[in-house]
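Enquirer: Residue numbers (our numbering), protein chains in the order written: chain A, 1 to 417; chain B, 1 to 479.
Simulated from the structure, these hints should not be mistaken for lab results.
Please read these numbers as outputs of a predicted model, since none were measured by experiment.
Just so you know, even glycine gets a beta-carbon here, dropped at the ideal spot from N, CA and C.
Among the hints, erroneous ones may be present.
To be verified - Listing some non-contacts, in silico: residues in chain B with all C-beta distances to chain A over 12 angstroms:
no. : residue
1   : Thr64
2   : Arg127
3   : Phe142
4   : Ala362
5   : Gly435
As the list claims (entries may be wrong) - DEER-style ranges, computed between Cβ atoms:
no. : chain 1 : residue 1 : chain 2 : residue 2 : range
6   : B       : Pro247    : A       : Ile310    : 54 to 62 angstroms
7   : B       : Pro354    : A       : Pro210    : 16 to 24 angstroms
8   : B       : Glu358    : A       : Gly221    : 35 to 43 angstroms
9   : A       : Gly400    : B       : Arg475    : 32 to 40 angstroms
10  : A       : Ser12     : B       : Ala340    : 30 to 38 angstroms
11  : B       : Ser230    : A       : Leu211    : 50 to 58 angstroms
12  : B       : Ala188    : A       : Gly400    : 51 to 59 angstroms
13  : A       : Val185    : B       : Gln158    : 50 to 58 angstroms
Here's the letter readout for the chains.
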Amino acid sequence: MSVDDPSAGDPSVDELLAEAQRQLTICNSCRYCEGYCAVFPAVERHTVIAEGDITHLANLCHDCRACYYACMYAPPHEFGVNPPAILGEIRRATYDTYLRHPRLPGWLARGERAGRGLGGPGLPEPGLPGRRCAHHGLTAAAGLVGALIVALVALTEGIGALWAPRHPAGSPYGVISYPALLVTVALPSAWSVALMLRAAGRYWHDTHGPLRDLADPRALGRALGYAASLRYLRGGGEDCSYPQDAPSPVRRRLHAAVSYGFAACFAATVAAAVLQDFLGSPPPYPPLSAPVILGTGGGIAMISGCTGLIVLKRRSDPAPAAGAAVADYGLLIGLEALAVTGILTLLLRTTAAFGLMLVIHLTTIVVCIAVAPYTTFAHFIYRFLAIMHDNLAAEAQRAGVRPGPRTGPDRSRHSRK
Amino acid sequence: MKEAAPPTRPPPPDGDGDPPWDVVVVGGGNAGLVAALTARRDVPRVLILERARAELRGGNTRHTRNIRCVHGRADAYSSGPYLFDELWRDLCAVGTGPSDERLAEITVRESETVPGWMSEHGIRWQRPLTGTLQLGRTNRFFLGGGKALVNTYHRTAQRMGISVAYDAAVDGLVLAGDRCTALSADIAGTRCQVRSRAVVCASGGFEANIGWLRRYWGDAADNYVIRGSSDNDGRVLAALYACGARPAGEEKGFHAVAVDARSPRFDGGIATRLDSIPFGIVVSRDGRRFYDEGEDIWPKRYAIWGRNIAGQPGQIAYSVWDAKVSGLFLPPMYGPVRAASIGQLADALGLAAPALTETVAAYNRAIVPGGSFDPAGLDDCRTRGLDPAKSHWAQPIDTPPYYGIPMRPGITFTYMGAAVTEAARVLRQDGTAFGNVFAAGEIMSGNILSTGYLAGFGLTIGSVWGRIAGREAARLVCR
Numbered sequence: 001m002s003v004d005d006p007s008a009g010d011p012s013v014d015e016l017l018a019e020a021q022r023q024l025t026i027c028n029s030c031r032y033c034e035g036y037c038a039v040f041p042a043v044e045r046h047t048v049i050a051e052g053d054i055t056h057l058a059n060l061c062h063d064c065r066a067c068y069y070a071c072m073y074a075p076p077h078e079f080g081v082n083p084p085a086i087l088g089e090i091r092r093a094t095y096d097t098y099l100r101h102p103r104l105p106g107w108l109a110r111g112e113r114a115g116r117g118l119g120g121p122g123l124p125e126p127g128l129p130g131r132r133c134a135h136h137g138l139t140a141a142a143g144l145v146g147a148l149i150v151a152l153v154a155l156t157e158g159i160g161a162l163w164a165p166r167h168p169a170g171s172p173y174g175v176i177s178y179p180a181l182l183v184t185v186a187l188p189s190a191w192s193v194a195l196m197l198r199a200a201g202r203y204w205h206d207t208h209g210p211l212r213d214l215a216d217p218r219a220l221g222r223a224l225g226y227a228a229s230l231r232y233l234r235g236g237g238e239d240c241s242y243p244q245d246a247p248s249p250v251r252r253r254l255h256a257a258v259s260y261g262f263a264a265c266f267a268a269t270v271a272a273a274v275l276q277d278f279l280g281s282p283p284p285y286p287p288l289s290a291p292v293i294l295g296t297g298g299g300i301a302m303i304s305g306c307t308g309l310i311v312l313k314r315r316s317d318p319a320p321a322a323g324a325a326v327a328d329y330g331l332l333i334g335l336e337a338l339a340v341t342g343i344l345t346l347l348l349r350t351t352a353a354f355g356l357m358l359v360i361h362l363t364t365i366v367v368c369i370a371v372a373p374y375t376t377f378a379h380f381i382y383r384f385l386a387i388m389h390d391n392l393a394a395e396a397q398r399a400g401v402r403p404g405p406r407t408g409p410d411r412s413r414h415s416r417k
Numbered sequence: 001m002k003e004a005a006p007p008t009r010p011p012p013p014d015g016d017g018d019p020p021w022d023v024v025v026v027g028g029g030n031a032g033l034v035a036a037l038t039a040r041r042d043v044p045r046v047l048i049l050e051r052a053r054a055e056l057r058g059g060n061t062r063h064t065r066n067i068r069c070v071h072g073r074a075d076a077y078s079s080g081p082y083l084f085d086e087l088w089r090d091l092c093a094v095g096t097g098p099s100d101e102r103l104a105e106i107t108v109r110e111s112e113t114v115p116g117w118m119s120e121h122g123i124r125w126q127r128p129l130t131g132t133l134q135l136g137r138t139n140r141f142f143l144g145g146g147k148a149l150v151n152t153y154h155r156t157a158q159r160m161g162i163s164v165a166y167d168a169a170v171d172g173l174v175l176a177g178d179r180c181t182a183l184s185a186d187i188a189g190t191r192c193q194v195r196s197r198a199v200v201c202a203s204g205g206f207e208a209n210i211g212w213l214r215r216y217w218g219d220a221a222d223n224y225v226i227r228g229s230s231d232n233d234g235r236v237l238a239a240l241y242a243c244g245a246r247p248a249g250e251e252k253g254f255h256a257v258a259v260d261a262r263s264p265r266f267d268g269g270i271a272t273r274l275d276s277i278p279f280g281i282v283v284s285r286d287g288r289r290f291y292d293e294g295e296d297i298w299p300k301r302y303a304i305w306g307r308n309i310a311g312q313p314g315q316i317a318y319s320v321w322d323a324k325v326s327g328l329f330l331p332p333m334y335g336p337v338r339a340a341s342i343g344q345l346a347d348a349l350g351l352a353a354p355a356l357t358e359t360v361a362a363y364n365r366a367i368v369p370g371g372s373f374d375p376a377g378l379d380d381c382r383t384r385g386l387d388p389a390k391s392h393w394a395q396p397i398d399t400p401p402y403y404g405i406p407m408r409p410g411i412t413f414t415y416m417g418a419a420v421t422e423a424a425r426v427l428r429q430d431g432t433a434f435g436n437v438f439a440a441g442e443i444m445s446g447n448i449l450s451t452g453y454l455a456g457f458g459l460t461i462g463s464v465w466g467r468i469a470g471r472e473a474a475r476l477v478c479r
């Protein structure tokens, strides 16, 4: 730990877990929020909330903040209950924990600080990329990747392709050869996918257990539906209390724009691959082709979604937020850069700037893919697995496998004040 | 917090040049908000004087969860009909029955249209959650509880152009004949007079005023826990009495439940109440039982335990249970005291070990064998030849570890308040009403409740009488 360790003064993970336990015990004695989302019914399945459950609850929390504004025990009340903030802190620690090994390469993680990872079973001591210094690493990485791609251009199509792309105009292969392009993108993708799969496996092992449960068709169907519809950004039908107290659908819609925009861009790539490799139609593709329509639509959706979310985040009430949200901005800025460079590449594909623009876009893609697991991007894994576990637990409860909140003679325990 | 905690607006006009407000509502809980929203439909200038600062606004309403209203049939939020006659019977069955049958009858009758009115003003209801929660029949649950309700009403009020002043403590009425021309108040540290054509007092009970409670309860009041806002000191009620308002309701009337003795003195709310009582026994500080813990199902009996404990020496009692039933009820916020033997439990709770051991032994011996324990209904597990008996859910306390929790009376709100007419106008000692002073909510609940309590009915009173007071106040101004 260096002297200017940015984590100095931060609470330890144990302290965070103890605080979450304290707050959720109050929640479990109150239960007014049980209509908002899955977190509170999940809390109610426990008489005592164990630390292991808290990781799961933290990832099940979608930060809709409805409970914070509804809580009569929120600060300045002496009970100081603020679930979105404490669960957000723990969520962040989760992201760090389950990607811890292998770490970011040292040169990318200069200024690494002692970690705040969650000490799960069988997990080694924490150590994670320092967030404050990560942008130095990112800049270096982007420079390096850009240089590599330029080198590949020089090696395959000649350096002149940068300002005078070969024919056909607008085809990426006029700038960089297909194999070189494939390797450039496939290598970091494989790395990231492997990392995220590994993280998913470890998280599932710690919060749930049997891998085969992931194949439970009912739970899987529900979880996919909930994730696709962003159900827990609806605050129990009332929508998120975001950016301020008043419920609003804006955040959910912007999030949907980003995620579905991202999916459309991915689909554009797949469509291009199908056209090229199976239908024998190489790029460039006309404006009314599947790759261009999907890519353009997806890119515009991502740009508007990311811009909106950044604006919203800046306006949001800091009280229920978990610490500094630099990492979250990082993801939004990264996605926005992807979309903007992609759209520019498309717009400029018949001009002399195409070569350079393509290199910039490729660099952005490679860097974003490579660092994705270390950013909030990976949240979808934990969220999905948390929803999955929650559905399995709820199903088990319905089937009577685990005792539910039995309230005895007090059947209508709520009908009190 | 910008939305949840809007800045305190500048003190309302108090100079002679400004026109008086049409309606000023004293108190920003459910009754006050409902009164303001209702009045605003007919008159343009409505002001709410909220005693708390914005973050803690809403008084006792912050701790509410549901409302009890008459309804003809089941819907998405209630499991079956609850007709006038049944609610009326339930109301008559608590304590010594309604104080004023006419006003109680209005409350029950008008409750039928309250849920619809609440929905129109933005309130959302909680659906039953699949598999886990039963739907109530008699009570409807609003999404997120009372603070969410207060926030929703405030947003609606803001849209309708109702003004709110926070940190506003009213302590006097300026009278001209039978009319109140202005309220003396301290708003954010500034003394002022708020002039108004009509006034609605919806400022709650006086339960947070320990000195006032002591007048009727003596030193015992020092041992009461106040479950709601510490702002409910009865200042407005005292001002009404000083102006000649006629009291209504029992001096000692209040709604009180058993709460954890370790709770904060004020504002602990729902999280501090205890549900362990029917699962074990309750002893006083001398280690003896004093009341049938299994008399009836808990929702019907929970509200008598505050008073039961208030009647015990030192206003303290101890709930004791064993491992068999542990986990069958809502977990207590502070966790129970735990011990390997009854003697050790007594020591840990500060009770005399021989006394508690003897009480548990006598209780265990008196249990009729062969009962089948059913926490979901009135079962046949009972005692014989024990005084007081335990009529249901009586199982031997014989499985370690043993658990116990010290309990205090937790006062929710006091009943004694201002007598009102059927139009919510505050009555004077001579039987005539003030010309333009109305009351709604807990401050006039003594007109309806005598000693007992019916879960969710406090909000019913506030909503019904808030509407009446708001409507009548506006009507008076329009005339």
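Enquirer: Please name the hints from earlier in the document that this structure breaks, with their numbers sorted from lowest to highest.
Expert: Numbers 1, 2, 3, 7, 8 and 9, in rising order.
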